[in-house]
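Engineer: One-letter residues, chain by chain:
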Amino acid sequence: MTAFTTLVRRDLSLMFRQGGGLGAALSFMLAFIVMIPLAIGPDQATLARLAPGLMWLALLLAVLLTTERMFQQDHEDGSLDLLNGASLPLELVCLAKAAAHWLAVGLPLAVIAAPLGILLNLATDRIIPVMLAMIAGSLALSLMASIAGAVTAGLRRGGLVVPLLVLPLYVPVLIFGIAASTGDLGPSGNLPALLVLLAIALVALVIQPWAAAAALRAYFR
Amino acid sequence: MQILANPNLFMRIARAVLPWIWAATILTLGAGLYLALFSSPADYQQGETVRIMYVHVPAAWMALFVYVLMAVASAVALIFRHPLADAAAKTAAPLGAAFCFLSLATGSIWGKPMWGTWWVWDARLTSMFVLMLLYLGYIAVWRAFEDPHRAAGLARVVALVGVINIPVVKFSVDWWNTLHQPASVVKMSGPAIDPSMLWPLLLMAVGYTLFFTALHLMAIGNEITSRKIRTARLKAIGAH
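Chains as they are written, first to last, in this note's numbering: chain E, 1 to 221; chain A, 222 to 461.
Okay, chain E solo, but in the shape it has when bound:
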């Protein structure tokens, strides 16, 4: 457990101090939001209707942007080889990387995205449902992104493959994320979709360590 938390802390400090993680994702999200009214027109009613979906797209694409870097740096400088030889099983190494990614990128983005939606005229009573849905959804997104990140760890132009790998996995998160964002708070509103989002995250939690570690092992042979 100490090794696990140490690894999470290492990744967190790396991601915060190098800037590439949250900073890049956040500036991407801002650029995306600024360009939306230019692309579809500044009509307030249209924007309000589209805002939850657009914010979800911003979240998905921002997470996608950070996917490629998740394992690449550690693979390039050789620390992945050391981690492979360490006492912590490779499965837990992968889980620690995903946990760090969620804490450093997924969770902050999910919390920031909903208030940013005000720029797109997101109704104020929508902010809390959107935020809750995104917090639950980003957990699944980080876990799934880390699988794709592990597959493309040693790929020079992983950017070509990552979207194809990740988008099929993102689709259920997006569908139930939108359902949880548009329903009202409560058991007859957004709760079922929110629970499905958490269920997806749990399934991803079970699959991710195994899948990501199996992918990394292909690089170690």
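A hint or two may mislead.
[Unchecked claim] Just some of the chain A residues that point at chain E, by a computed CB distance under 8 Å:
#	residue
1	Leu-355
2	Gly-358
3	His-370
4	Leu-375
5	Val-378
6	Val-389
[Said to hold, decoys possible] Simulated crosslink set (SDA-like; lysine to any residue; CA at most 20 Å straight-line):
#	chain 1	residue 1	chain 2	residue 2
7	A	Lys-391	E	Ile-175
8	A	Lys-391	E	Val-203
9	A	Lys-391	E	Val-196
10	A	Lys-391	E	Val-171
11	A	Lys-391	A	Thr-430
12	A	Lys-391	A	Leu-354
13	A	Lys-333	A	Val-271
[As the list claims (entries may be wrong)] Some chain E residues well away from chain A (every beta-carbon gap over 12 Å; in silico):
#	residue
14	Val-111
15	Thr-124
16	Leu-195
No lab work stands behind these hints, which were simulated from the structure alone. Glycine included, every Cβ here is placed at the ideal spot set by N, Cα and C.
Starting from the structure of chain E, add chain A where the hints point.
Structural biologist: Below, chain A alone, put in the same frame as chain E:
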């Protein structure tokens, strides 16, 4: 299964059975197409366009079936290190993608007169489209790496993770009640389709499966040959 692990034996058996499979393919597809396009009745609501079903539905079944086959082959490769399983999974992907594309294209052609639109983002269509992306991603992984062993290891993971989408495709029409009709052949209460249409459809499905088997056996043979060529080339330059 283990006896087929010897590539040379596999090639010999494949060469022996291939002419028979091709003959059976031509017979069933020929008979199926005749029944489907000429002798089966037109639908009382859809008219002659119902005949698209005989091309569309088996293609969609095959797209799902081939993905499952690919995932099973990947699991076999991962667990038993079966030397031909990776080749089977690799060569199944382009075929499955072709079936997937065929079902999307014929569905689109069928949708235009029936639903009045080429494409809708309905649950079944969307999940089928996602299946197409999965196939493309899987093929992309194989092409992205120069080292075939590394590509094989990563492609297995991609195929197995993507298998989650298969039940989503199958049950999408039951979970979301949208434009695409729910299952009418494979369901608990028995098929809800008249025998005069069911039989041509099943015959076409058998024909498609035989067609796929023939192409797949040939593709695995090609894969084995290209592996041998690669090894021979590496030997020639003294790298092995």
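Engineer: Each of the hints needs a verdict: does it hold here or not?
Structural biologist: Results for each hint:
Hint on Leu-355 (chain A) holds. Least Cβ distance to chain E is approximately 5 Å, under the 8 Å limit. At its closest, the beta carbon of Gly-358 (chain A) sits 4 Å from a beta carbon of chain E; the interface hint therefore holds under the 8 Å criterion. Because the beta carbon of His-370 (chain A) sits about 7 Å from the nearest beta carbon in chain E, less than 8 Å, this interface hint is met. Contact between Leu-375 (chain A) and chain E, as hinted, is supported at the beta carbon level, the nearest pair being about 5 Å apart and thus within 8 Å.
Taken as an interface hint, Val-378 (chain A) checks out: its beta carbon lies about 5 Å from the nearest beta carbon of chain E, inside 8 Å. Residue-level restraint check for Val-389 (chain A) holds (minimum Cβ-Cβ distance to chain E is 7 Å; threshold 8 Å). Proposed proximity of Lys-391 (chain A) and Ile-175 (chain E) is supported: the alpha carbons are some 17 Å apart, at most 20 Å. A threshold of 20 Å between alpha carbons decides the hint, and for Lys-391 (chain A) with Val-203 (chain E) the separation of about 19 Å falls inside it, so the pair holds.
As the CA atoms of Lys-391 (chain A) and Val-196 (chain E) are separated by approximately 19 Å, the hinted pair is consistent with the 20 Å bound. Restraint check: the Cα-Cα separation between Lys-391 (chain A) and Val-171 (chain E) comes to about 16 Å, which is no more than 20 Å; the hinted pair holds. Distance check on the hinted pair: Lys-391 (chain A) and Thr-430 (chain A) sit about 18 Å apart at the alpha-carbon level, within 20 Å; holds. Note on Lys-391 (chain A) and Leu-354 (chain A): the hinted pairing holds, with a Cα-Cα distance of about 17 Å set against a maximum of 20 Å.
Annotation: proposed proximity of Lys-333 (chain A) to Val-271 (chain A) holds, straight-line Cα distance about 13 Å (limit 20 Å). Even its closest Cβ contact with chain A, about 28 Å, leaves Val-111 (chain E) beyond 12 Å, as expected for a residue assigned away from the interface. Every CB of chain A is more than 12 Å from the CB of Thr-124 (chain E) (nearest about 29 Å), matching its label as outside the interface. Distance check on Leu-195 (chain E): its Cβ is at least 15 Å (rounded) from any Cβ of chain A, clearing the 12 Å threshold; non-interface status holds.
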